[in-house]
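Using the sequences and the accompanying hints, generate a full structural model.
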Amino acid sequence: MADPQATAAAHATEGGHATVRTYINVAIALAVITAVEVASLYIPGIPSGLLVSSLLLMSAVKFFLVVGFFMHLRYDHPILRALFVGPLIIAILIILAVMALFSAFVLLPRVVL
Amino acid sequence: MATQAAFMPGTKVETLTFWGTVASWLTTVDHKRIGILYGTSAFIFFLVGGIEALIMRLQLARPDNTLVGAERFNELFTMHGTTMIFLAVMPLSAAFFNYMIPLLIGARDVAFPRLNALSYWIFLSGALLLNSSWLFGMAPDGGWFGYANLTTTQFSPRHTIDFWMLGLQILGISSMLAGFNFLVTIINMRAPGMTLMRMPVFVWMSFVTQFLLVLAFPAITVALILLMFDRFFGTLFYAPAAGGDPLLWQHLFWIFGHPEVYILILPAMGIVSEVLPTFARKPLFGAPVVIYSGIMIGFFGFGVWSHHMFSVGMGPVADAAFSVSTMLIAVPTGVKILNWIGTLWGGSIRFRTPLYFALGFIAMFTMGGLSGVMHASPPVDLQQTDSYFVVAHFHYVLFGGSIFGLFGGIYYWWPKISGKMLDERLGLWHFWLMLLGFNMTFFPQHYLGLIGMPRRIYTYAGDLGWNFWNMVSTIGAFLIAVSLLFFIANVFRSLRSGAVAGNDPWDARTLEWSIPSPPPVYNFARVPQVQDRDDFWLAKHGDGHGGAPRPKAAPVTAAEIAAIHMPPTSYWPIVLAIALTVMVSGLLISTYQIIIGGLATLVLMYKFAMELHRPASGHGH
Amino acid sequence: MADHAVAHAVHDPNIGNTGLDNRKMGMWAFLGSDCMFFGSLIGTYLAYKGKSISGPLPHDVFDIPLTSYSAALLLASSLTMVLALAALQQSRVKAAGGWLFVTAMLGLHFVLNQVYEFTTFVLHHGLKLSTSLFGSSFFVLTGFHGAHVTGGVIWLLILVSLAMRGQLDARDYTKVEITGLYWHFVDIVWVAIFTVIYLIP
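Protein chains in written order, with my numbering: chain A, 134 to 246; chain B, 402 to 1022; chain C, 34 to 234.
In short, the hints are calculated from the structure, not lab data. In this text, all values refer to a predicted model and were calculated from it rather than measured experimentally. Warning: the hint list may mix true and false statements.
Said to hold, decoys possible - With a Cα cut of at most 25 Å, we get these calculated DMTMM-like pairs of lysine to aspartate or glutamate: (1) LYS127(C) with ASP205(C); (2) LYS953(B) with ASP908(B); (3) LYS683(B) with GLU825(B); (4) LYS1008(B) with ASP205(C); (5) LYS161(C) with ASP646(B); (6) LYS84(C) with GLU150(C); (7) LYS683(B) with ASP944(B); (8) LYS82(C) with ASP96(C); (9) LYS208(C) with ASP45(C); (10) LYS84(C) with ASP646(B); (11) LYS941(B) with GLU961(B); (12) LYS1008(B) with ASP202(C); (13) LYS208(C) with ASP67(C); (14) LYS1008(B) with ASP45(C); (15) LYS127(C) with GLU1012(B); (16) LYS82(C) with GLU150(C); (17) LYS683(B) with ASP905(B); (18) LYS82(C) with ASP646(B); (19) LYS84(C) with ASP96(C); (20) LYS941(B) with ASP905(B); (21) LYS208(C) with ASP209(A); (22) LYS161(C) with GLU150(C); (23) LYS1008(B) with GLU210(C); (24) LYS127(C) with ASP202(C); (25) LYS683(B) with ASP908(B); (26) LYS941(B) with ASP908(B); (27) LYS82(C) with ASP93(C); (28) LYS208(C) with GLU1012(B); (29) LYS161(C) with ASP96(C); (30) LYS82(C) with ASP67(C); (31) LYS127(C) with GLU210(C); (32) LYS953(B) with ASP933(B); (33) LYS1008(B) with ASP67(C).
Claimed, not checked - Distance windows between CB atoms, simulated: (34) LEU183(A) with PRO689(B): 43 to 49 Å; (35) LEU145(C) with LEU729(B): 48 to 54 Å; (36) HIS966(B) with ILE225(A): 42 to 48 Å; (37) ARG125(C) with GLY943(B): 55 to 61 Å; (38) TYR206(C) with GLY716(B): 49 to 55 Å; (39) GLN930(B) with VAL148(C): 55 to 61 Å; (40) PRO780(B) with ALA215(A): 38 to 44 Å.
Where a beta carbon is used, it is the ideal one built from N, C-alpha and C, also for glycine.
Following this line, the structure appears as structure tokens:
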């Protein structure tokens, strides 16, 4: 569900520095995605699985837009990416493990956890 | 250790008065002095923790003993564990991070000298807060792992748990600040030519340890915050009656706790990886593999935590998953042990005290690792958990491993730090008595655990068959104490009249041995230009393949030294650390103290941050 | 690269052998650590989701329009933050100070919204820290995020004050940059919290 404006903003500044134009495009993209997220709550009869996965996906896009452009990680030295993304991955894995251990979602439907 | 007057290179060295000397230590931002502060404090707390252990061993020497009662015994094992882990082993490792890392990477300083000082003073404040509990009759008594909901106000209404909780929070801040500092130092302050793979293995193990520090401590910070809110603000995180789950504590604690044990062992492994090559006159066997193994241990160490919880009823899937991951993590550890042995094999061995401790580490840690692998099987662990078998296991890895390794580091780097040699004979008395005493204390505990003696009991009946080996264990503990007397005597003798060490008494391999002992405040008069791993050895001896030793460089000039800028002292670190502790301990005293301490902390953080912003002198940025 | 970095270091003691500023690197390491902090809090919330035995349910009390507005405020403040940094780089100090002030005000507005939200929960819905697992985990998670925002607002206002007193200019680019990194992080944590706590049923 890639937002066309986000993609345009991404391609506009390959390597080098983001411009004010880019920042404003990203901000518009963030606003639009947020609006879509909130609106999707009110779609009648939307299946829960579809709602949850699309909300998570849209949030992930917002997350990476801010990290990549506003926080400049897209243009920065790889070591900074490693310093942030590594811990982020560990944190996400631990959240998922804790959720599974507390039966927040069912990992293996036939097995009693 | 020679007291160094704090001076700027090129200026006249002034002799300080007594209070001037004290002030110079309180305001120091020199990583070497901070290392000495950490090391001295850590050793003192090691003795405190040791006394707590001796009292426990005296109580357990005979059945139905009445030296201390149950409550006091709970306090003793809680404080012994907390002290040894947070106030002895970790700061001893920190002492070496502080003193040695800049020297090993060819740097003049750490990335954030004042933050570094702040870490130490926050550590000391937390340590003193924790131990002040003894004076108030409020020593923590919930175990070093503080399981909920024993630690909630329902079952622990007194302030004992609060001292533990707040002390650990303060210590956690110290560890994390230090972690950020050394992460940046190692990545960004290396000498030219020192690529990551040319860094000494001690630096690599410390590097992994810093990642573990900054990623594991947030989990215990949250666990403690939830406990604090339960105890002070009525939240329900660990309240079963409201649907809360005490296992939440256990998970959050061990998500911290397991990486923590790697924090405790990796630096010692790094020390061993420096000592063996020096005393075998051979490079570390498979250094890249040892480095990758260390990285794997660090990363996968986040995936094994519930092996501390095999008996709580997580179910077969969780048990199996953590069992498998735990067994897998033994592999990189085993790889390292093989590489250390490979380093010794075919080497030209010189037996000196540092090497003895490194060899002791390998033997004792391997034994501890074997009992650890046994724990990795849930059905086997169901018998072993909460028994003395576990106590034996972790003392083999933490004492036989970390402590032996750290003593190896002390004997190895003492000449560099103090400029004097330690006596070899006293060192060997220390080693052999400690090895004997250690094994006498803890080897029988494997057996005691297997025949059913539980942990954390203050006494036992006389007809269970436990009497003899408990007595043996206690005698062993006192032998350890005697061995330490030899160490302390050695230290005093060395400081008073030890042989002068010179730059490179061991004919070693790494950069710290290329500068005077003790090093000048600026470490390296000339920034080293590194061409290889073990660059100093290659410069001295050539590469053994026909490459000649490097020609000696021209002597350093006074002008070069005068051009070196070292950061000035600062009193904000110690003052900020005090304010922070006043604020945190206010939770035990009064809200006013929290508010005043909090405001002071905020103001002092501002002053700390602004100290280098547009200063009058040229030192700021 | 190493020689260039050495030459750099002669001028700026903060630049290391990677060519990066120590303080920027330190801030990214801190943000990685903060991911684990918020990850533990979010994990706790999700572990206890749906397990409260009494008290109001999340979707009985959540005011999605208000919280969406708050989310928009923080996202906007990230934009104003990068505009402040861009202005500073061009030595337009007054513009930079202005954008920093707007950023702080947007953040302050977020915090005030949160205070309003917390007050409504307590007074109108009877949801307190001690009411239920939901009350405990919600207030602690969002409260600590709010505390992070508050700290950021204070930090931003200090920079504004420095700018107004002529003590901030293009030389301080890195300091303002790391302020921005912290601020954006606080924003993306809210992106996660907003979705996972408020939006997902």
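What are the numbers of the hints the structure violates, in ascending order? none
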